[in-house]
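Next come the chains, spelled out residue by residue.
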Amino acid sequence: ADALASKGSVAGVGVDQELISSVPSSNPCFVERNFTEAEIAYCRAQPSPPSSFAARWVGKEAVFKSLGVPSKGAAAAMKDIEILPNESGVPTVTLHGNAKAAAQGKGITNVLVSLSHSETVAIAFAQASS
Amino acid sequence: ADALASKGSVAGVGVDQELISSVPSSNPCFVERNFTEAEIAYCRAQPSPPSSFAARWVGKEAVFKSLGVPSKGAAAAMKDIEILPNESGVPTVTLHGNAKAAAQGKGITNVLVSLSHSETVAIAFAQASS
Amino acid sequence: ADALASKGSVAGVGVDQELISSVPSSNPCFVERNFTEAEIAYCRAQPSPPSSFAARWVGKEAVFKSLGVPSKGAAAAMKDIEILPNESGVPTVTLHGNAKAAAQGKGITNVLVSLSHSETVAIAFAQASS
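Chains as they are written, first to last, in our numbering: chain A, 1 to 130; chain B, 1 to 130; chain C, 1 to 130.
Chain A on its own, in the form it takes in the complex (with noise of 0.2 Å):
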């Protein structure tokens, strides 16, 4: 029963925020490591590729700290936070490596996002679930 009523129950949330022209998405390196190839090539696809690699990158983090995990760099790069849009249009969530092994360890088997940017500001809140 205990396993049943904690079914979906919420383990974690995370919001970030960052100024567009902050986040160094025409450095190359930034981008590879930090971004799937999928996701780069649905960035450079979008009206504003910079607003778009923006929202990703805020989303990740906020992925990152709905996850609850102690310490960035060890636990999770942010190239193992993979955000895709599905067939909807809806920003979902894949993970990867550390990542996903650090969910797992948690017994999160869901997360959501959401990504909003505006002008100059990209926001993302994301949710994890077990």
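Take these hints with a grain of salt, some might be off.
[As the list claims (entries may be wrong)] Lysine to aspartate or glutamate pairs mimicking EDC-like chemistry, simulated, CA-CA at most 20 Å apart: (1) B/K106 with A/E87; (2) B/K79 with B/E37; (3) A/K106 with C/E32; (4) C/K106 with B/E87; (5) C/K79 with C/E32.
[Claimed, not checked] From the derived model, a few chain A residues whose C-beta atoms are all more than 12 Å from chain B: (6) F30; (7) E37; (8) M78.
In case anyone wonders, no lab produced these hints; they're calculated from the structure.
No residue lacks a Cβ here, since even glycine has one placed at the ideal position from N, Cα and C.
Here the structure of chain A is known, so what remains is to put chains B and C in place on it, guided by the hints.
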């Protein structure tokens, strides 16, 4: 047991933000197309109607995102997403028309929203539960 | 079964933001009225105390909103909403006094919060679960 266990689980989240100055709340066509009569009456009675309209506007966008439905035009007019304070002053979502149908089609039974505005920016977060 | 099923369901959400410069963290009266001793010690030890105080301040506001209680004055002093990092560095909410009583009265058993600050803006999201 599965039905019980999934009750209350989070189906989607949404975040949105806008500069208050970029929400055309002094345009009567925009207001009448997107806000219900009760919302208009409420916003006009607040200390800063432009801030209240802008907060509600991003609230509607955040709720829409939380529903996870594909295309805004077809799926829901913003007027179908009504946000009014309950007796405790907490912003409370009521869905009408296509938005209500879209939520029901996804098994969503409850949508929570929170609104905030600074001098210049309105921001909202929404969460849809099944 | 109903009690089990409702465990972990989300009771309320809250979002808040402020310009860091608009939070009077250099005013000792404001700080002592609104922050616990442990919060003050923590914020003063951070690289940018004004940013840390501002993030915590909007965190308290977001938590308050997530409780869904009517009136701030009567219902909870902000000092009753304490936000301190846990052993993993995750901001963790402890309710005291009237805030604790208000939460218990609504069956709220857990409140999650996430904080973020840019150079100029602090933002927070909170989620209350029953």
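TODO: Quickly compare the C-alpha distance for A/K106 and C/E32 to 20 Å and report which way the hint goes.
DONE: With a Cα-Cα distance of about 36 Å, the restraint between A/K106 and C/E32 is violated, given a limit of 20 Å.
Open item on the list: Holds or violated: C/K79 and C/E32, Cα atoms, limit 20 Å.
Closed with: holds (8 Å)
Task: Proposed proximity, B/E87 with C/K106 (alpha carbon, max 20 Å) - done: holds (15 Å)
TODO: Mind verifying the non-interface call on A/F30? Its CB should be farther than 12 Å from each CB in chain B.
DONE: Non-interface label on A/F30 holds, nearest chain B Cβ at 24 Å vs cutoff 12 Å.
TODO: Quickly compare the C-alpha distance for B/K106 and A/E87 to 20 Å and report which way the hint goes.
DONE: It holds: about 15 Å lies between the C-alpha atoms, which stays within 20 Å.
TODO: Would you check whether the claim that A/M78 is not at the interface survives, using Cβ distances to chain B and the 12 Å cut-off?
DONE: The claim holds: A/M78 sits with its nearest Cβ about 19 Å from chain B, beyond 12 Å.
Task: No chain B beta carbon within 12 Å of A/E37's - done: holds (25 Å)
- [ ] Mind checking the alpha carbons of B/K79 and B/E37 for me, to see if they're no more than 20 Å apart?
- [x] holds (10 Å)
Hint compliance for this structure: hint 3 alone is broken.
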